[in-house]
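Residue numbers (the numbering used here), protein chains in the order written: chain A, 1 to 401; chain B, 402 to 538.
Think of the hints as simulated: they come from the structure by calculation, not from any bench.
Only a predicted model underlies this, so the values are computations on that prediction, with no experimental measurement involved.
The beta carbon of each residue, even a glycine, is placed where N, CA and C say it ideally should be.
Mixed in with the good hints, there may be bad ones.
[Said to hold, decoys possible] Straight-line C-alpha distance at most 25 Å; calculated BS3-like pairs for lysine-lysine:
hint	chain 1	residue 1	chain 2	residue 2
1	B	426	A	263
2	A	265	B	513
3	B	444	A	286
4	B	440	A	381
5	B	440	A	365
6	B	444	A	365
7	A	263	B	513
8	B	426	A	381
9	A	204	B	426
10	B	426	A	274
11	B	516	A	204
12	B	403	B	484
13	A	381	B	444
14	A	184	A	218
15	B	444	A	274
16	A	204	B	444
17	A	204	B	440
18	A	91	B	479
19	B	513	A	204
20	B	426	A	265
[What the hints assert, rightly or not] Take a look, some chain B residues computed to stay more than 12 Å from chain A by CB distance:
hint	residue
21	404
22	417
23	451
24	452
25	533
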Amino acid sequence: MYLTKEEERMLNGEFGEGMRMAMELLVAIGDAYDAERMVPISRAHAASSGQEGDMYFVELLANGGASCRVPTSTNPVYDIEFFERVFEIPKEEAEVARRVKVGYKRIGAILSWCCIPYIAENIPNYGETVAFSESSATPYVNSVIGARTNREAAQSALAAGVIGKTPEYGLHFKENRRGTFLVKVEATLEDEFDYTLLGYYVGKQIGYGIPVFTGISKRPITEELINLCAMLNTSGAISMFHIHGFTVEAPTVKEAFQGDIPKDKITVTDHELKRVQEELQTTSGKIDLVMLGCPHYTLKQVGEVARLLEGKKIHRDVSFWVCTSATTKLLAERMGYVSVIERAGGHVVADTCIDEPCWHAYRDKVGITDSPKCAYYRRFKEATVARLQDCVEAAIKGERR
Amino acid sequence: MKHIILKGRTIVEGRRKAQALVSSKPISFLGGVDPANGKIIEKNHDLYGECIKDKILCFPHGHGSTVGSYVLYSLARKNLAPKAIVNQMADPVVVVGAIIADIPMVDQVDIKRIKTGDMVEVDAYKGVVKILKRRMS
Numbered sequence: 001m002y003l004t005k006e007e008e009r010m011l012n013g014e015f016g017e018g019m020r021m022a023m024e025l026l027v028a029i030g031d032a033y034d035a036e037r038m039v040p041i042s043r044a045h046a047a048s049s050g051q052e053g054d055m056y057f058v059e060l061l062a063n064g065g066a067s068c069r070v071p072t073s074t075n076p077v078y079d080i081e082f083f084e085r086v087f088e089i090p091k092e093e094a095e096v097a098r099r100v101k102v103g104y105k106r107i108g109a110i111l112s113w114c115c116i117p118y119i120a121e122n123i124p125n126y127g128e129t130v131a132f133s134e135s136s137a138t139p140y141v142n143s144v145i146g147a148r149t150n151r152e153a154a155q156s157a158l159a160a161g162v163i164g165k166t167p168e169y170g171l172h173f174k175e176n177r178r179g180t181f182l183v184k185v186e187a188t189l190e191d192e193f194d195y196t197l198l199g200y201y202v203g204k205q206i207g208y209g210i211p212v213f214t215g216i217s218k219r220p221i222t223e224e225l226i227n228l229c230a231m232l233n234t235s236g237a238i239s240m241f242h243i244h245g246f247t248v249e250a251p252t253v254k255e256a257f258q259g260d261i262p263k264d265k266i267t268v269t270d271h272e273l274k275r276v277q278e279e280l281q282t283t284s285g286k287i288d289l290v291m292l293g294c295p296h297y298t299l300k301q302v303g304e305v306a307r308l309l310e311g312k313k314i315h316r317d318v319s320f321w322v323c324t325s326a327t328t329k330l331l332a333e334r335m336g337y338v339s340v341i342e343r344a345g346g347h348v349v350a351d352t353c354i355d356e357p358c359w360h361a362y363r364d365k366v367g368i369t370d371s372p373k374c375a376y377y378r379r380f381k382e383a384t385v386a387r388l389q390d391c392v393e394a395a396i397k398g399e400r401r
Numbered sequence: 402m403k404h405i406i407l408k409g410r411t412i413v414e415g416r417r418k419a420q421a422l423v424s425s426k427p428i429s430f431l432g433g434v435d436p437a438n439g440k441i442i443e444k445n446h447d448l449y450g451e452c453i454k455d456k457i458l459c460f461p462h463g464h465g466s467t468v469g470s471y472v473l474y475s476l477a478r479k480n481l482a483p484k485a486i487v488n489q490m491a492d493p494v495v496v497v498g499a500i501i502a503d504i505p506m507v508d509q510v511d512i513k514r515i516k517t518g519d520m521v522e523v524d525a526y527k528g529v530v531k532i533l534k535r536r537m538s
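Same shape as in the complex, but just chain A (with noise of 0.2 Å):
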């Protein structure tokens, strides 16, 4: 791979041992996907987490000097003190994700502890160059917003913000954008639950590539385009799509494609969301917990929380949990939501993923979630999948029907 001068400089070291080894790993990355050279980014997200991995990778970067270089958001890890207080935390736990805050703070990153980023706290525009990590950030950025960016793992996002560049291959060029595989939606799409199945059932269908979706008829809502993104890049490795009609690189089929529609299809009725619907409908019965906002909820989704609770009460024997962006909750408890769902006996909480080891006390107990993408961590013993009116009602009975 072409290094500029100061590339070389920073490889070799000279702007500190921080910076050296981001240069190293993206230029590892750069030789693995024979870029020819190294672009520029506006911005980047890191998909943190509060393990050890992550923590070692921080603090590596920040003990060698290194900050970012342009601005870098990062993932959930988990509200400590809060959860201190509610649950039974390991020491050793609270002690790495402490220092992964610590370490991403050295760092000078945006500590937006979200998810998606990409609808408030770190935006791109379209066409910008950018790296972001996190299952449903790289599809949205690429395919809603049309900015590039390639599947980046957490350390590799986190590198390229240091950097404040990334080696350019794969989506950052035109070509390789187009679409790969024909999906024709036949099927009612009423809601973002009907895009989670969508999303789940085509991941797991394609695997990998670029799928066009054809047929739908009524613009998708932002929630309904995260849950796809997320959904499809869990089953699945998709870090791009495209709508017809909708998302800003589909004007046509013809320009989704760039060309030719390939023979490779596949068409998605009622029947077949029903059947994924179901086999993630994996325990019916006495339930412990709601787990909700995975990915993170928005400001529309907790304000649907709080009209569902609103004069309830949540059965005593169930813990319910909103989990949201700190900008999130905020607004939510300015608009009353949070007292809402609080009255009701449930829980916003900000900063926190599902996939965290906060939640430990729920190994051994059922849940119940919206999002195939919370029950594929499998954090508790089981968890099934429904829509989220019948998780707010199972959460008032105490049991899922």
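Let chain A serve as the given structure and place chain B on it in line with the hints.
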């Protein structure tokens, strides 16, 4: 037996010899692999319950969480990582994990020709996989 040589592309350099563990399904290291013991825990996965430690792990590509790279690194620190990774198509999340954990890796290999239990040498300097001995069946 004459060694079968499968050509691929170098991702992370190194040379390792071990038994192959082959999957026809993609792997997500976060959620799909138990970081405490290196076992595959994704439900309905064809390697469910298998341990990836010290194996030549062959699978089509990665999927799921972009935090998977950290899990590979943690597995390596606990000596639970595979000896080498062979993919059909390199997913950046697996690539980054292999780089920071220093696990030799090649991609663009026709993994269907490798069977679980085969003794395999990955020469990731040259980007090739040699099947040294077929599993006794």
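Hints numbered earlier in the text: which of these fail when held up against the supplied structure? Hint check: nothing fails, all pass.
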